[in-house]
Amino acid sequence: MVEEVSKDLEHPENGSIEAGLTMIPATAFFLLVMQLVVAGSFQLIETIDLQSTLSRTALFGSEGSEFAFEHSRIVEEQSTEIPGGGELLMAKSSAKVPIINSLAPQDLKVTSHVLVVRE
Amino acid sequence: MTRLSRWQLSKSEKNDEGSAVVEFVLIAAPLFLPALLFFSALHNTARTEIELSNLARQSLRVFVTAEDLNLGHQRVKFVLKQFEEMDSRNRFTYNITCGAERCLTPGSLVKMELFREFLGEENQRRKAVAVAEGYVDKWRSGS
Numbered sequence: 003m004v005e006e007v008s009k010d011l012e013h014p015e016n017g018s019i020e021a022g023l024t025m026i027p028a029t030a031f032f033l034l035v036m037q038l039v040v041a042g043s044f045q046l047i048e049t050i051d052l053q054s055t056l057s058r059t060a061l062f063g064s065e066g067s068e069f070a071f072e073h074s075r076i077v078e079e080q081s082t083e084i085p086g087g088g089e090l091l092m093a094k095s096s097a098k099v100p101i102i103n104s105l106a107p108q109d110l111k112v113t114s115h116v117l118v119v120r121e
Numbered sequence: 004m005t006r007l008s009r010w011q012l013s014k015s016e017k018n019d020e021g022s023a024v025v026e027f028v029l030i031a032a033p034l035f036l037p038a039l040l041f042f043s044a045l046h047n048t049a050r051t052e053i054e055l056s057n058l059a060r061q062s063l064r065v066f067v068t069a070e071d072l073n074l075g076h077q078r079v080k081f082v083l084k085q086f087e088e089m090d091s092r093n094r095f096t097y098n099i100t101c102g103a104e105r106c107l108t109p110g111s112l113v114k115m116e117l118f119r120e121f122l123g124e125e126n127q128r129r130k131a132v133a134v135a136e137g138y139v140d141k142w143r144s145g146s
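So the protein lines, in turn, are chains A and B.
For the first sequence, this note's numbering gives the first residue as 3, with consecutive numbering after it.
For the second sequence, this note's numbering gives the first residue as 4, with consecutive numbering after it.
Extracted from the complex, chain B is given alone in its bound form:
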């Protein structure tokens, strides 16, 4: 072992001394902050998905059990408005597609797409979508 390598060893030993704050930041920043962001985003996405899919199912249900189209849309809007009052962050729009020419014909397939606008990262407006499909009751009195 030469004199130079001994000097290098003693120098590296001195460099081991560090600040606790710097060490904490070096540990915490790359490990915990991404985990925090990830779990937060995961939780928000899962919650939005669950709430929106349930709301789409319920809205579809009130639509297919309505007497006519106008009343159907009125009922859907009523349900969405009630949910908006419960959680003021929500703003909904929807799209209804029917399998038959007349939407509320007994046995026809109705598809509802429900969109929820919310503020995402960096205040960008994002939309969550839920789709529900259902049939109009075959034994209902024709409308």
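For reference, chain A alone in the conformation it holds in the complex:
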């Protein structure tokens, strides 16, 4: 009788192939969540970096702004006069996000916009 029971428990880790197949959508979904995290982080970095660059431009008047991610960033800069004096510098940028999941859109971009006062 003991032998029969041990025979039943010989391969207790055996699972159905269906259970294994759940790893596919689970992994895809996990990567999509990670893609969102990466995109969000890139957007924050982009905003902070654009603020920093634009503030430098306003303070020190550097015309040729050096941007991080320059290879993949598009920046639209414009300025307007403020009533009573001074200038308002505005910049919009969009940068590509690294793709870690082939299910995500391949040309995923994040945009950010910043304004800074130049006296």
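One should not assume that every hint holds.
To be verified - Result set (EDC-like, lysine to aspartate or glutamate): computed pairs, CA atoms no more than 20 Å apart in a straight line:
1) K94(A) / E52(B)
2) K94(A) / D90(B)
3) K141(B) / E121(A)
4) K94(A) / E88(B)
5) K80(B) / D90(B)
6) K84(B) / E78(A)
7) K111(A) / D90(B)
8) K80(B) / E89(A)
9) K84(B) / D140(B)
10) K84(B) / E83(A)
11) K84(B) / E121(A)
12) K114(B) / E136(B)
Said to hold, decoys possible - With the Cβ distance kept under 8 Å, some of the chain B side facing chain A (calculated, not the full set):
13) A38
14) L40
15) R50
16) R64
17) Q85
These aren't lab readings, by the way, just hints derived from the structure by calculation.
Values in this document were obtained by computation on a predicted structure and should not be read as measured data.
No residue lacks a Cβ here, since even glycine has one placed at the ideal position from N, Cα and C.
Since chain A is already given, all that's left is putting chain B on it; use the hints.
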């Protein structure tokens, strides 16, 4: 081992068979959906905080460099309007507190609270707040 326990073992073995969809939902729902919501909320909050604090600093700057109070408010409204045009989701209100009786007296402390209204979860109107403090230039010509 009795006959009953053998029957129980074989029964539990049969119950292991499950649907892949159900198993996926059981894994994905409790693990990934809260993570998705959490990271989304974290990202939105951080972005709002960064944008709003920068805007409060810039608005304060245009206020303390104005010639008089009216022009100061006009300049602040101009800056906020320009930002609203860049991102139409925003709607701002602000509150300015001055340390001195006359707000733009040289050397006086000015505090700006900037409020941004936005639609939160379940379409509830929520407000984000940023505070910036600065001094009026001590060497400016008195106003």
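Hint check:
no.	hint	verdict
1	K94(A) / E52(B)	18 Å, holds
2	K94(A) / D90(B)	10 Å, holds
3	K141(B) / E121(A)	16 Å, holds
4	K94(A) / E88(B)	12 Å, holds
5	K80(B) / D90(B)	15 Å, holds
6	K84(B) / E78(A)	19 Å, holds
7	K111(A) / D90(B)	17 Å, holds
8	K80(B) / E89(A)	14 Å, holds
9	K84(B) / D140(B)	25 Å, violated
10	K84(B) / E83(A)	13 Å, holds
11	K84(B) / E121(A)	19 Å, holds
12	K114(B) / E136(B)	4 Å, holds
13	A38	6 Å, holds
14	L40	10 Å, violated
15	R50	6 Å, holds
16	R64	5 Å, holds
17	Q85	6 Å, holds
Hint violations for this structure: numbers 9 and 14, all remaining hints satisfied.
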